[in-house]
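Chemist: Sequence:
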Amino acid sequence: MKMLKDVIASLPESERKAVAARTAELVAEEMTLRDLRRALAVTQEQLAKAMNVRQANISQIEKRTDLLISTLRDAVTAMGGSLDLIASFPNRPPVKIAGLGDIGSTGTVG
Numbered sequence: 358m359k360m361l362k363d364v365i366a367s368l369p370e371s372e373r374k375a376v377a378a379r380t381a382e383l384v385a386e387e388m389t390l391r392d393l394r395r396a397l398a399v400t401q402e403q404l405a406k407a408m409n410v411r412q413a414n415i416s417q418i419e420k421r422t423d424l425l426i427s428t429l430r431d432a433v434t435a436m437g438g439s440l441d442l443i444a445s446f447p448n449r450p451p452v453k454i455a456g457l458g459d460i461g462s463t464g465t466v467g
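Per this note's numbering, the very first residue in the sequence shown carries number 358; after that it's consecutive.
For the record, the hints were derived by calculation from the structure and aren't laboratory data. Take these hints with a grain of salt, some might be off.
[Said to hold, decoys possible] Subject to a maximum C-alpha distance of 30 Å in a straight line, what follows is the list of computed DSBU-like cross-link-like pairs (lysine-lysine):
1. Lys406 / Lys374
2. Lys453 / Lys359
3. Lys453 / Lys420
4. Lys362 / Lys420
[What the hints assert, rightly or not] Here are the simulated distance ranges between beta carbons:
5. Asn448 / Ala398: 37 to 45 Å
6. Glu370 / Ser439: 17 to 25 Å
7. Asn448 / Glu372: 40 to 48 Å
8. Asn448 / Arg395: 34 to 42 Å
Positions of the beta carbon are idealized from the N, C-alpha and C atoms, including for glycine.
Sequences and hints are given; from them, build the entire structure.
Modeler: Here is the structure:
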């Protein structure tokens, strides 16, 4: 799988800085997977290539309301990020769910 971080590393320094600045802005935002992909200026075709799937699979993933965590993690990783699962409860600080990120990717798109 070709990683987006490798593509970004090949960009001129000014463009890398622009990507890094926009990425920092995204950290505090809530958005769909499609919104995130677009904000990072990644096409469905580029993401599909990085994930070693067809572009049609990316379109399906972005439309789903129920998605395997491994598929979401693969997409986020292919865009150069990492996925953390946080549980929020009333009257308690957020809790990061451990262990799920350690499970190997199934290689399936679901």
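Chemist: Indicate, hint by hint, whether the structure satisfies it.
Modeler: How the hints compare with the structure:
1. The straight-line distance between the Cα atoms of Lys406 and Lys374 is roughly 24 Å, inside the 30 Å bound, and the hint therefore holds.
2. About 28 Å separates the Cα atoms of Lys453 and Lys359, which keeps this hinted pair within 30 Å; it holds.
3. At most 30 Å may separate the alpha-carbon atoms for a hinted pair to count; Lys453 and Lys420 meet this at roughly 26 Å.
4. For the given pair, Lys362 sits about 25 Å from Lys420 by alpha-carbon distance, which is consistent with the 30 Å threshold.
5. The hint said 37 to 45 Å for the Cβ distance between Asn448 and Ala398, and at roughly 40 Å that hint holds.
6. The beta-carbon spacing between Glu370 and Ser439, approximately 23 Å, falls within the hinted interval of 17 to 25 Å.
7. Under the hint 40 to 48 Å, the C-beta atoms of Asn448 and Glu372, about 45 Å apart, fit the expected range.
8. The hint said 34 to 42 Å for the Cβ distance between Asn448 and Arg395, and at roughly 36 Å that hint holds.
Violated hints: none; the structure is consistent with every hint.
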